[in-house]
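Student: Residue strings, one per chain:
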Amino acid sequence: ILNVEQSPQSLHVQEGDSTNFTCSFPSSNFYALHWYRWETAKSPEALFVMTLNGDEKKKGRISATLNTKEGYSYLYIKGSQPEDSATYLCAFSNAGGTSYGKLTFGQGTILTVHP
Amino acid sequence: GAGVSQSPSNKVTEKGKDVELRCDPISGHTALYWYRQRLGQGLEFLIYFQGNSAPDKSGLPSDRFSAERTGESVSTLTIQRTQQEDSAVYLCASNSGHNEQFFGPGTRLTVL
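Residue numbers (my numbering), protein chains in the order written: chain H, -11 to 103; chain E, 150 to 261.
To be clear, the hints were calculated from the coordinates, so they are not data collected in a lab.
Don't be surprised by glycine CBs; every beta carbon is placed ideally from N, CA and C.
Any given hint could turn out to be false.
What the hints assert, rightly or not - Estimated spans, in silico, between C-beta atoms of each pair: (1) E:232 with H:42: 45 to 53 Å; (2) H:69 with E:230: 28 to 36 Å; (3) E:225 with H:3: 38 to 46 Å; (4) H:67 with E:167: 30 to 38 Å; (5) H:44 with E:227: 25 to 33 Å; (6) E:167 with H:69: 37 to 45 Å; (7) E:233 with H:-9: 22 to 30 Å; (8) H:-5 with E:207: 26 to 34 Å; (9) H:-5 with E:234: 22 to 30 Å; (10) E:201 with H:70: 40 to 48 Å; (11) E:202 with H:2: 48 to 56 Å.
Claimed, not checked - Take a look, some chain E residues computed to stay more than 10 Å from chain H by CB distance: (12) 153; (13) 158; (14) 160; (15) 161; (16) 164; (17) 166; (18) 169; (19) 177; (20) 192; (21) 201; (22) 211; (23) 232; (24) 234; (25) 248; (26) 249.
My request is simple: use the sequences and hints to build the entire structure.
Tutor: Now the structure itself:
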């Protein structure tokens, strides 16, 4: 059984605060680590796909890092805005097997940014 | 639109009825996945299609659940004799063969 753990489960911050979330995943048979942003009644939106140990990716005020040897990834949001409020999902895919691309998700971190 | 679409967006049904959920993936995407999220839980994998074949059905929770895909395009997920524990958001995703999966907006199923 592959376990992907995310923390915290929920987070309330004030507009302008910077914040970060953690995702831990199995370090064996690693293939890729995905971060998604999911707003209610919308499609989960891909933020980052990372495959290499030490990867750092950035999109606007959001960035992510990856450590495949120890099995964790961090997602950072700088200067949070109310429109950043959403559930942030981390998902892991492993190498091999018959299920190309199958994702195992964490339970998500619910972010609420208060104006 | 070029995205993944799903229908219906919401479905309320009575316990014991059958339901059918539809997914239209992005044109040309050979891989298609079904996931679901029950209240308070994470997204869980149900089934994976490569073309019209399903090499991994390991996530289907019982034999009341079945899925098919035709023409390497549309997929339907059928739940027979629905139970209250089937209430969830059912998400479909497709993949072109690169790393990124593209998700539809989901079907929210409520079984009364």
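Student: What are the numbers of the hints that this structure violates, sorted from low to high?
Tutor: 2, 4, 5, 12, 13, 20, 25 and 26
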